[in-house]
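Engineer: Two chains, two frames, a set of hints: combine them into the complex.
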Amino acid sequence: MRVGRSRVAAAAPYLQVAPLAAVLGVFLVFPIALIAVVSFWDYTEYALIPDFTFRNYWELFSSVVTYKTYLSTLRFAAITWAVTLVVGFTVAYFLAFHVRTLKWQMTLFLVCTIPFWTSNIIRMISWIPFLGRNGILNSTLIAMGVIREPLEFLLFSEFSTVLAYVHLYALFMVVPIFNSMMRIDRSLIEAAVDCGASGWRVVREVVLPLSKPGIAIGSIFVVTLVMGDFVTVRLMSGGQSTSVGLMMANQLAYLQYPAAAANAIVLLAVVLLIVAAMMRIVDIRKEL
Amino acid sequence: MREERRPASFYALGTFFVLFVLFLYGPLSAIVLLSFQGPDGGLTFPMIGWSTHWFQALFEQQRVGDFKGSFLRSFKLGLIVMALTVVISFAAGLAFRKRFRGASFIFYLAVASLIVPSILVSLGVGLLFRILDIETTWWSSGLGAHLTWTLPFGLLIMFAVFNRFNKSYEEAARDLGATPWQTIRHVVLPIVAPSLVGVGLFGFTLSYDEFARSLLAVGTRNTLPLEIYGMTTNITSPALYALGTVTTAFSFLVVGGCLAATTIIQRRRARRMPAGPKP
Chain P
34 MRVGRSRVAA
44 AAPYLQVAPL
54 AAVLGVFLVF
64 PIALIAVVSF
74 WDYTEYALIP
84 DFTFRNYWEL
94 FSSVVTYKTY
104 LSTLRFAAIT
114 WAVTLVVGFT
124 VAYFLAFHVR
134 TLKWQMTLFL
144 VCTIPFWTSN
154 IIRMISWIPF
164 LGRNGILNST
174 LIAMGVIREP
184 LEFLLFSEFS
194 TVLAYVHLYA
204 LFMVVPIFNS
214 MMRIDRSLIE
224 AAVDCGASGW
234 RVVREVVLPL
244 SKPGIAIGSI
254 FVVTLVMGDF
264 VTVRLMSGGQ
274 STSVGLMMAN
284 QLAYLQYPAA
294 AANAIVLLAV
304 VLLIVAAMMR
314 IVDIRKEL
Chain E
6 MREERRPASF
16 YALGTFFVLF
26 VLFLYGPLSA
36 IVLLSFQGPD
46 GGLTFPMIGW
56 STHWFQALFE
66 QQRVGDFKGS
76 FLRSFKLGLI
86 VMALTVVISF
96 AAGLAFRKRF
106 RGASFIFYLA
116 VASLIVPSIL
126 VSLGVGLLFR
136 ILDIETTWWS
146 SGLGAHLTWT
156 LPFGLLIMFA
166 VFNRFNKSYE
176 EAARDLGATP
186 WQTIRHVVLP
196 IVAPSLVGVG
206 LFGFTLSYDE
216 FARSLLAVGT
226 RNTLPLEIYG
236 MTTNITSPAL
246 YALGTVTTAF
256 SFLVVGGCLA
266 ATTIIQRRRA
276 RRMPAGPKP
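Protein sequence lines, in the order shown, are assigned to chains P and E. Numbering of the first sequence is given in this note's numbering, commencing with residue 34 and proceeding in unit increments. Numbering of the second sequence is given in this note's numbering, commencing with residue 6 and proceeding in unit increments.
Only chain E is shown next, with the shape it has when bound in the complex (with noise of 0.2 Å):
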């Protein structure tokens, strides 16, 4: 690591690694660029003028399906997944702290909850409904079956946050006779923040994205990944490609949002304490 000169092996590692990044994006711009296809264009290249028909296309709900109405349903159910998430995950970290008994009955369950196939989930959620004879929509069981996959992952991160977490500041604030409420309000809670938003992102993305838990537990009434599903089957027109462009616009612009909180939550932070260590 020290030598000046970078090794030949890096160079080829380094085109392996442009070529992988080229691999995940590569694709994904190239239905970017035909969704933006003249009326008289086709799901390939060549493109044939340039407009946004396609897009207003997407708006129209008869002519490809109930796009709007999915997206606000898929919008709301990812942020309840995410609020969910976020508070579920983050007092069930708290828990795996201290001991307790079925710590790892628990943690085994939620392992469990990841591997489980996901369409296990769906289709036990919708036997589940169907027998107790309840009508499954998506903010009953859609919103339960999504949270065994996220409350996982959220769980997974609290574990790597607070297995690095520094114990001596909640010492600390004992010390200076904080209740146990407050030390977790007034000093777990603002250092773990960054990674509290990193465990909303997971929630709400994963949900926004869920396809095979969603098939059975979300109702009649589809969220926007099953409406994109059935419209892959019955729609061969770039709308399809405008389709992808808006949803993957606007994971990005959830992405950048969630990064832009972070990076301002250490800054001002940072700002804080200029010379202290950092947590």
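Next up, chain P with everything else stripped away, as it sits in the complex (with noise of 0.2 Å):
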């Protein structure tokens, strides 16, 4: 009865462990190293032909498009990651720092979360009133006689791309900056004043540093969000822009699965360089 009892308790984690190991080895791990294998097949244009051929990774080294395309989508990753880090810091660091109340920051907080539930194409095309040629910001900018004529930049470009990523995304900035600003030990903050230090030095010198962590994990989220993002590009830039995303719904589009799994498998690389680079600085598990 013991024995029977002890080997039930050490078989316990790995049976409810199971369920999780299943779903991620059917539907992430398995259909990953298939595209990985299918990089290599050759194709028609009805048919996916089993092979190995480099094909595939040779017609996308060598066209001037892929690098245009890949250097679009890390610029749009660099510009978007640094507009939310410093939005979510500064917001953040007032939620953590300014507001006094422990229910005061939760219940802002959450007003700050809220949007973040419901989607995000009906959050992308939100901005067509507002920036449009006709849009609110247009015609007040021209009835305050700012300008004369509607700015076309506005909406179906790369700003109008960037605002939002930066709309959908802020958050995930927030989110983690927040929980790390929030388990700083106050009294250190005390101590950096005690010792004369102005309001910027305690942020620069205590709180970012302390942050990193946060920082760390948001700017994982958003970067990886916006390096495999396709819709906001089509949706936000009218075409002015490309993404790798973009490139790979069309190869898609035309059913040009292997030409489409090695850019994929590309993306991967390029994605998990990024992430690898920014996990050095901080351990997630540790931070929860």
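Any given hint could be a false lead.
Unchecked claim - Taking CB as the label site, the calculated pair distances span:
| id | chain 1 | residue 1 | chain 2 | residue 2 | range |
| --- | --- | --- | --- | --- | --- |
| 1 | P | F63 | E | W144 | 17 to 27 Å |
| 2 | E | G262 | P | G229 | 47 to 57 Å |
| 3 | P | C228 | E | A266 | 45 to 55 Å |
| 4 | E | K103 | P | P242 | 28 to 38 Å |
| 5 | E | G262 | P | T140 | 25 to 35 Å |
| 6 | P | E238 | E | F64 | 33 to 43 Å |
| 7 | E | I196 | P | A66 | 36 to 46 Å |
| 8 | E | G107 | P | D75 | 48 to 58 Å |
| 9 | P | L48 | E | A198 | 37 to 47 Å |
| 10 | P | L221 | E | R169 | 17 to 27 Å |
| 11 | P | L141 | E | R274 | 21 to 31 Å |
| 12 | E | R179 | P | D84 | 39 to 49 Å |
Claimed, not checked - If you want the ones that stay clear, here's a sample from chain E, every Cβ over 10 Å from chain P, calculated:
| id | residue |
| --- | --- |
| 13 | V26 |
| 14 | P44 |
| 15 | G74 |
| 16 | S123 |
| 17 | R135 |
| 18 | E140 |
Just so you know, these hints were derived from the structure itself, not from any lab. Ideal Cβ placement from N, Cα and C applies to all residues, glycine included.
Structural biologist: Take a look at the structure:
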């Protein structure tokens, strides 16, 4: 009886984790392994041909479009990262250090998080009446006499694409940074102030270093989301910009699965490299 | 923090915060207003009369695509994903409190699931079913693809919960002779219940709004985000905004319901043990 029970106890964690492992195995590991395999296959307009050819990679790397697309995607990721970092840090700092009661902190935090629970596509569309040619912003500026002609660059441009990214993903920066800041021991700040540090210096030399884990986690989220995106670029750039995801979506539309697979593997490698660099700063498991 | 007067930086940062909230909610409120355009109204202000014309248009299938069908599919899928996410994440969370072989491998796998661009999951699952010659549907391949997105979130929440979990409650239960199952059922589960509501909320809404992972994985019958995406390209009337208003209102309803549920659980608990320490 006792032996039986201890054996059950030893097996328990394996049984408990089995469903998770099974789902990730079947719907993550296996599919990605398959993408890797298919990236070496050949194809025609209507069929996939099992093969071992470097054709897809060769075509990918020998095209100037590829480099331009990757650069454009990296640029979007970098700009969005920089903007969300500044916005996210400022908002989190206000919530964590300037709002005084926990009740208000949580209420305001909730106010920030609620839009996150709604559809991304609807949130993108919601910029149309605001930024369009006859939109709110243009009409207001014209009425105020600031401009005569409506500004064309507001909607369906790089500007609106970045704006949409920031709108969609700023929260992924706010949440982890806020979480890090809430764990900072308040006496450290008092100590810094007592030693004569100015407010700005406290932020730079106490708050910022101690918020690093949150910043790293937020950055990983924002960068990977932008790197893999294609809907935002398609809806918001008006065909003026491109991204790796969009390039893949186009290849898939022509049923060029092996070409898209090769592209996917390269994208994955790029994303993992960036994430690995960021992970050096932070041990995610300790931060929860 | 002790001083009574607020520093000047408070007002500067406060203004920034208000602007941020306006940035988040402003565009959304514009489309809510515009969805009540009169029948002759267009995609931008001014409002030409007020009506519910565009909401009615939404429910006539032939005019704006299959809104009702795709909504019901997304709703059902969301509920299934929610239930599975809660159960699987809770079980896995329990497992990670003990040592077992492969623990860090599975943890990094879950993190990888968040980091891998969604379109890769979509492509991979689509390819898998294509090569195995199984038809992709929302309740098979679609469900699996969504779980790769919701489970890591669920697991991370469970980590956060169990890192703060006071083990002495379990020890007390064990000392009183409870079996492991009784300990989980009567001690652990009630304590983490509000967090499980949160996990469920994540599961439902992430699935309900998921686009990229659905793209090649749900088959011929669209879920709502795919249907909305299709509509953005071929509808140029305020019906699009009506759609936005309806789905957003529905999301808010779900979030509100979950918040209410957690508040009720916590209130009831506070009433039951007025003086004791909170778990």
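Engineer: So, for every hint listed, does it hold in this structure?
Structural biologist: Right, here's what the structure says about each hint:
no.: 1; hint: P:F63 to E:W144: 17 to 27 Å; verdict: 19 Å, holds
no.: 2; hint: E:G262 to P:G229: 47 to 57 Å; verdict: 51 Å, holds
no.: 3; hint: P:C228 to E:A266: 45 to 55 Å; verdict: 47 Å, holds
no.: 4; hint: E:K103 to P:P242: 28 to 38 Å; verdict: 34 Å, holds
no.: 5; hint: E:G262 to P:T140: 25 to 35 Å; verdict: 18 Å, violated
no.: 6; hint: P:E238 to E:F64: 33 to 43 Å; verdict: 59 Å, violated
no.: 7; hint: E:I196 to P:A66: 36 to 46 Å; verdict: 39 Å, holds
no.: 8; hint: E:G107 to P:D75: 48 to 58 Å; verdict: 37 Å, violated
no.: 9; hint: P:L48 to E:A198: 37 to 47 Å; verdict: 22 Å, violated
no.: 10; hint: P:L221 to E:R169: 17 to 27 Å; verdict: 21 Å, holds
no.: 11; hint: P:L141 to E:R274: 21 to 31 Å; verdict: 25 Å, holds
no.: 12; hint: E:R179 to P:D84: 39 to 49 Å; verdict: 60 Å, violated
no.: 13; hint: V26; verdict: 6 Å, violated
no.: 14; hint: P44; verdict: 18 Å, holds
no.: 15; hint: G74; verdict: 17 Å, holds
no.: 16; hint: S123; verdict: 6 Å, violated
no.: 17; hint: R135; verdict: 8 Å, violated
no.: 18; hint: E140; verdict: 16 Å, holds
In summary, the structure is inconsistent with hints 5, 6, 8, 9, 12, 13, 16, 17 from the numbered list given earlier, while agreeing with the others.
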